[in-house]
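Taken in sequence, the protein lines are chains A and B. Numbering-wise, the working numbering puts 202 at position 202 of the first sequence, and it's gapless, one number per residue. In short: position in the second sequence from 1, add 1000, done, that's the working numbering.
Quick caveat, the hints were computed from the structure, so don't treat them as lab data. One thing to keep in mind: the hints can contain errors.
[To be verified] Here are the simulated lysine-lysine pairs, DSS-like style, with alpha carbons at most 30 Å apart:
| no. | chain 1 | residue 1 | chain 2 | residue 2 |
| --- | --- | --- | --- | --- |
| 1 | B | Lys1194 | B | Lys1065 |
| 2 | A | Lys274 | B | Lys1155 |
| 3 | B | Lys1165 | A | Lys274 |
| 4 | A | Lys272 | B | Lys1103 |
| 5 | B | Lys1069 | A | Lys120 |
| 6 | A | Lys272 | B | Lys1099 |
| 7 | B | Lys1274 | A | Lys108 |
| 8 | B | Lys1005 | B | Lys1205 |
| 9 | B | Lys1194 | A | Lys272 |
| 10 | A | Lys274 | A | Lys163 |
| 11 | B | Lys1194 | A | Lys120 |
| 12 | B | Lys1065 | A | Lys272 |
| 13 | B | Lys1205 | B | Lys1069 |
| 14 | B | Lys1194 | A | Lys274 |
| 15 | B | Lys1274 | B | Lys1099 |
| 16 | A | Lys158 | A | Lys120 |
| 17 | A | Lys162 | A | Lys272 |
| 18 | B | Lys1165 | B | Lys1099 |
| 19 | A | Lys254 | A | Lys272 |
| 20 | B | Lys1165 | B | Lys1152 |
| 21 | B | Lys1103 | A | Lys120 |
| 22 | B | Lys1274 | B | Lys1194 |
| 23 | B | Lys1274 | B | Lys1165 |
| 24 | B | Lys1297 | B | Lys1274 |
| 25 | A | Lys163 | A | Lys220 |
| 26 | A | Lys272 | A | Lys257 |
| 27 | B | Lys1155 | B | Lys1274 |
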Amino acid sequence: MRVAIIGAGVTGLSSALCIHEQFHGLVPSLELEIYAERFTPHTTSDGAAGLWQPYLSDRGNLQETLWNKETFDYLLGHLHSPAAEEMGLFLVSGYNLFTEPVPDPSWKNIVLGFRNLTPKELELFPGYSYGWFNTALMLEGRNYLPWLTNRLMQRGVKFFHKKVESFQEVSGDGVDVVLNCSGMRSGDLQPDPELQPDRGQIIKVLAPWVKHFIITHNLKSGTYSSPYIIPGSEFTVLGGINQHGNWSEENSAKDHKSIWESCCQLLPALQKAKIVGEWSGLRPARPSVRLERESTRLGNLRAEVIHNYGHGGFGITIHWGCAMAAARLLGTILQEKQQLATPPGPRL
Amino acid sequence: MASPKVAVVGAGVIGLSTALCITETCPSCSVTVLSDQFSPNTTSDVAAGMLIPHTYPDTPIHRQKQWFKETFTYLFAISNSAEASEAGIHLVSGWQVFKSTPKEQLPFWSDIVLGFRPMSEAELQKFPQHRFGQAFTTLKCDCPPYLLWLEKRLKAAGTQMYTRKVADLWELHSEYDIVVNCTGMGAHQLVGDKQLSPIRGQVLKVHVPWVKHFIRDGDGLTYIYPGIHSVTLGGTREEGSWSLSPDAGTTRDIFDRCCSLEPSLQGAQDIEVKVGLRPSRQCVRVQREVLSHGGVKLPVVHNYGHGAGGFSVHRGTANEAAHLVGECISDLQGSSSRAKL
């Protein structure tokens, strides 16, 4: 029973780990293979700051809110484990800022200590009149992806550095199930007009005195289009760019200026921070995450594909819930192929 | 008196901030800082510099609250400016946790720090041995940066600073018009204050950059305070101990206690051990005195005995001491004009 995962970002690697954890004992013939054009530290997940925080609006996708919660709870459970440091997992608190009152988000009871900002706290942020304070988690891709990779390699999962051009290329080779975790490049495997890039650019600085995340919101221009500051374990990420439909992965001087000036205005002390890097990436945006099974026919062959892509700017936030959902879909397929009596794990 | 000559003895956070307040309230004064130690070798350099007040048994609470409020307001403005990183001032959020619910759930300073509230059940799950907690955001003064920043401000204001061991305040009477005594633990010897005694504190400074919150046990003995480049782990409160040598058994004990509050500390790198003697007193001595020998008088303003709460009230007591210096100057000017009659 060969399962191929296309994509080695947070979605591909965590789906692979979740599947292996759940099924390797039950399906002795299970073999997992990961195919990707890019591996850590060159994936989209590596460039993300790693803050667990969903978008303000769930866009009507309640399933996504549940997956976000499952991810948060899963990570919180690992916070005190010896692996936490290696995973790049730690608690972080901070501020979400608005220029007008807004309804509480779907995730207010998922994070810890959610509350409104006091007038004195708002004095720190001239121009913003309303906001939230809460404690959330950081999961840094540049640590989490290598950790996932190590766990997978220990389990005998094989890695192939290869750009897969089509599902047939893999399924025609004797692979029974393909997991499509190819993020922004999913359109190359199967056209999806709903999948569009939301281009982001970030500046990495050394500002170890910053202990809180600060995320501003411009309700008109949308998520991540307004300055944000996120403190990591080695450097602080400055951002605030979200360009729908822009495919460029090149750093733009204009965006650099916009990020730098708006973040320094937000936190004047940043003017003294040393810039240590810059990066652009494409958030694989979609009106909703595509997490579903697709059976296609190739001549006499039935090809099973499980799609798990389109996580926009909340891939890290939602990854484990989606990995578990993908594993459930695989369980159903394994059951049909009579590899399993009943799928393991709780039903949701 | 055209340009009163003021000597400030002591260059820890109290000495430097008091000197700075004097330059601000009395621009015509000539201020000199004299100390046998400067940063990074002062008691202040060992302290984490967290703005969480210590309660002095014999100082009225309203006065302590006023000192804390002035200090917090002053540092809040710096933390929000472009100078924050140079001054070593930054906001930090976290939790104070208690194994049993304290009698006083709202300390006097709860409305001065930011966002003070009881911890939720979900938050307390992170601390299985503790049953009650408070979450808030406060400020931290990292040393040496803060002391070096104060020294820079003083130099810009024309203040001279000299390394000098003052054995007796009287020795300054011919060179200075007013002496300000900010000698901390040194006052025990210097002015023979037997009410002042050391409370020894040992701390570890470790490199754990993923720790972004402070955690403090309400008993005041175990704490984790994240600074700019290192996290301070503490601590001890050994009354009457004068030893400045680190103790290996204590290091192990502090590390274990902190790891039980924050398991990820197990991965800590580069552990540095430091010891400081908190200059402890039942009340902070902010007070005027006149030393007199053979008809010659020397006005003295004392500002010492801040114990565990130096950083929390430093600016407030510095303001008060500077005010007392102003009174001394008025008295001197009054008596010199009387002398002319």
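* **Agreement of Lys1194/B and Lys272/A with the hint, judged by alpha carbon distance not exceeding 30 Å** => The given pair, whose Cα atoms are some 46 Å apart, is violated under the 30 Å limit.
* Does the structure keep Lys1005/B and Lys1205/B at a Cα separation of 30 Å or less? -> violated, 39 Å
* **Given hint Lys1069/B paired with Lys1205/B - CA-CA distance at most 30 Å** => Answer holds: Lys1205/B to Lys1069/B is near 28 Å, not above 30 Å.
* To do: Please work out if Lys1194/B and Lys274/A have their alpha carbons no farther apart than 30 Å.
  => Status violated; Cα separation ~49 Å.
* **Hinted pair Lys1274/B and Lys1165/B, Cα distance within 30 Å** => holds, 23 Å
* Are the Cα atoms of Lys163/A and Lys220/A separated by 30 Å or less? -> Violated. Lys163/A to Lys220/A sits at ~38 Å, over the 30 Å cutoff.
* **Given hint Lys1155/B paired with Lys274/A - CA-CA distance at most 30 Å** => holds, 27 Å
* Quick one, are Lys1155/B and Lys1274/B close enough, alpha carbons at most 30 Å? -> holds, 29 Å
* If you draw a straight line from the CA of Lys272/A to the CA of Lys257/A, is it 30 Å or shorter? -> Measuring from Cα to Cα gives roughly 16 Å; hence the hint holds.
* Asked: Has the given pair, Lys272/A with Lys1103/B, been kept, meaning a C-alpha gap of at most 30 Å?
  -> violated, 44 Å
* Given hint Lys163/A paired with Lys274/A - CA-CA distance at most 30 Å -> violated, 37 Å
* When you check the alpha-carbon spacing of Lys1069/B and Lys120/A, does it fall within 30 Å? -> holds, 13 Å
Going down the numbered hints, you'll see the structure goes against 3, 4, 6, 7, 8, 9, 10, 11, 12, 14, 16, 17, 18, 24, 25, while the others check out.
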